[in-house]
Amino acid sequence: MKRVVIGLSGGVDSSVAAYLLKKQGYDLVALFMINWHDRTGTITSACTWEEDALIAEMAAKKLDIPFHIVDLSSDYKKKVVEYMFSEYHSGRTPNPDILCNREIKFDSFLQEALKFEADYVATGHYCRKEYMMREGSPVYRL
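Take 22 as the starting number for the sequence shown in the working numbering and just add one per residue.
Bear in mind the hints are in silico, worked out from the structure with no lab data behind them.
Incorrect hints may have been included.
[Stated by the list, open to error] Derived DEER-like restraints, expressed as beta-carbon distance ranges:
#: 1; residue 1: Y141; residue 2: D92; range: 19 to 25 Å
#: 2; residue 1: T114; residue 2: P159; range: 38 to 44 Å
#: 3; residue 1: G46; residue 2: Y109; range: 18 to 24 Å
#: 4; residue 1: R24; residue 2: S107; range: 35 to 41 Å
#: 5; residue 1: G46; residue 2: M79; range: 20 to 26 Å
#: 6; residue 1: V102; residue 2: S158; range: 43 to 49 Å
#: 7; residue 1: M154; residue 2: E108; range: 43 to 49 Å
#: 8; residue 1: D92; residue 2: K43; range: 22 to 28 Å
#: 9; residue 1: S107; residue 2: L41; range: 39 to 45 Å
#: 10; residue 1: K150; residue 2: L75; range: 22 to 28 Å
#: 11; residue 1: Y147; residue 2: P115; range: 16 to 22 Å
[What the hints assert, rightly or not] Pairs of lysine to aspartate or glutamate, EDC-like flavour, derived with a Cα cap of 16 Å:
#: 12; residue 1: K100; residue 2: D118
#: 13; residue 1: K98; residue 2: D118
#: 14; residue 1: K98; residue 2: E108
#: 15; residue 1: K82; residue 2: D48
#: 16; residue 1: K100; residue 2: D128
#: 17; residue 1: K98; residue 2: D128
#: 18; residue 1: K150; residue 2: D34
#: 19; residue 1: K44; residue 2: D85
#: 20; residue 1: K23; residue 2: D48
#: 21; residue 1: K126; residue 2: D96
#: 22; residue 1: K23; residue 2: D140
#: 23; residue 1: K136; residue 2: D48
#: 24; residue 1: K136; residue 2: D92
#: 25; residue 1: K126; residue 2: D92
#: 26; residue 1: K99; residue 2: D128
#: 27; residue 1: K99; residue 2: D118
Don't be surprised by glycine CBs; every beta carbon is placed ideally from N, CA and C.
Working from the sequences, and respecting the hints, build out all of it.
Structural data, given as C-alpha cells:
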C-alpha cells in the first residue's frame, strides 16, 4: 500500500483531501506544520497554532489516521521572515507567501514527510473545487 503524508491544517480543504485519499485506500499519515512561534507574547492571539493543531488532530482522529506535529518555525524565520525584513529594509515589497510555499511547504515539509517514508505528499493547498450535475445528481470534485 502506498503511503501519503498529508499536510493537515484542520481546514476543510486538507481534511477533505485526507478523507478522499483514505477512501481511495492510501496509507495516510497526517503532518501539521508549526510555522511561527511568538516567544515574546506580542502577537500570540494572532497566531494561535495550538488551536489549529487541536482541530487538525480531531480531523485526523475522526479519519483514524496517525497525527504528527512538525516544528518548521526556525526554517520559516530564517527563509521567510528574515528575507521579508531584509527586502523591506532595502525599500522593496516582498511577497512572503511565495517564499513560504517554495521554501517551507514544498521543501522543508517535503523533507519531513520523507522521514515518514512517504511515497506521495498531499495538501489541500491550491485545490480546485467543482460542482456539477451528473445524471440528475450533484457531484462535488476536489
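Evaluation of the provided hints:
Taking 19 to 25 Å as the suggested C-beta distance range, the pair Y141 and D92 conforms, at roughly 23 Å. Between T114 and P159, the C-beta spacing of about 43 Å keeps the proposed range 38 to 44 Å intact. With their beta carbons about 47 Å apart, G46 and Y109 fall outside the hinted range of 18 to 24 Å. Our hint of 35 to 41 Å for R24 and S107 holds, since their Cβ atoms are close to 38 Å apart.
One distance hint, 20 to 26 Å for the beta-carbon pair G46 and M79, holds here, with the actual separation near 23 Å. As the Cβ distance of V102 to S158 is approximately 48 Å, the hint placing it in 43 to 49 Å holds. In this structure the hint that M154 and E108 lie 43 to 49 Å apart at CB holds, the actual value being about 47 Å. Checked against the hint of 22 to 28 Å, the pair D92 and K43 passes, with Cβ atoms roughly 25 Å apart.
Between S107 and L41 the beta carbon distance is about 40 Å. The supplied range of 39 to 45 Å therefore holds. As the Cβ distance of K150 to L75 is approximately 25 Å, the hint placing it in 22 to 28 Å holds. Range check, Y147 to P115: about 20 Å between beta-carbon atoms, so the 16 to 22 Å window is met. Only pairs whose Cα atoms come within 16 Å are accepted, and K100 paired with D118 is accepted, the gap being roughly 11 Å.
About 13 Å separates the Cα atoms of K98 and D118, which keeps this hinted pair within 16 Å; it holds. Straight-line distance between C-alpha atoms of K98 and E108 comes to about 14 Å, which keeps the hinted pair within the 16 Å bound. Taken as a hint, the K82 and D48 pair is honoured in the structure, with Cα atoms around 14 Å apart against an allowance of 16 Å. Between K100 and D128 the alpha-carbon distance is near 11 Å, which keeps this suggested pair within the 16 Å criterion.
Proximity of K98 to D128 is assessed by CA-CA distance (about 14 Å); at most 16 Å being required, the pair is judged to hold. The hinted pair formed by K150 and D34 meets the criterion: a straight-line CA distance of about 9 Å does not exceed 16 Å. Of the pairs offered as hints, the one joining K44 and D85 holds, with about 12 Å between alpha carbons and a cut-off of 16 Å not exceeded. Between the alpha carbons of K23 and D48 the distance comes to roughly 6 Å, so the proposed pair stays at or under 16 Å and holds.
A hinted pair counts as satisfied when its Cα atoms are at most 16 Å apart, and K126 with D96 qualifies at roughly 11 Å. Taking the CA atoms of K23 and D140, the gap is about 6 Å. The hint holds against a cut of 16 Å. Between K136 and D48 the alpha-carbon distance is near 15 Å, which keeps this suggested pair within the 16 Å criterion. With a CA separation close to 14 Å, the supplied pair K136 and D92 stays within the 16 Å bound.
The straight-line distance between the Cα atoms of K126 and D92 is roughly 12 Å, inside the 16 Å bound, and the hint therefore holds. With a C-alpha separation of about 14 Å, the suggested pairing of K99 with D128 holds against the 16 Å cut-off. In summary, the hint linking K99 to D118 is supported, as the alpha carbons are separated by about 14 Å, within the 16 Å threshold.
Hint 3 from the list above is the single one not met by this structure.
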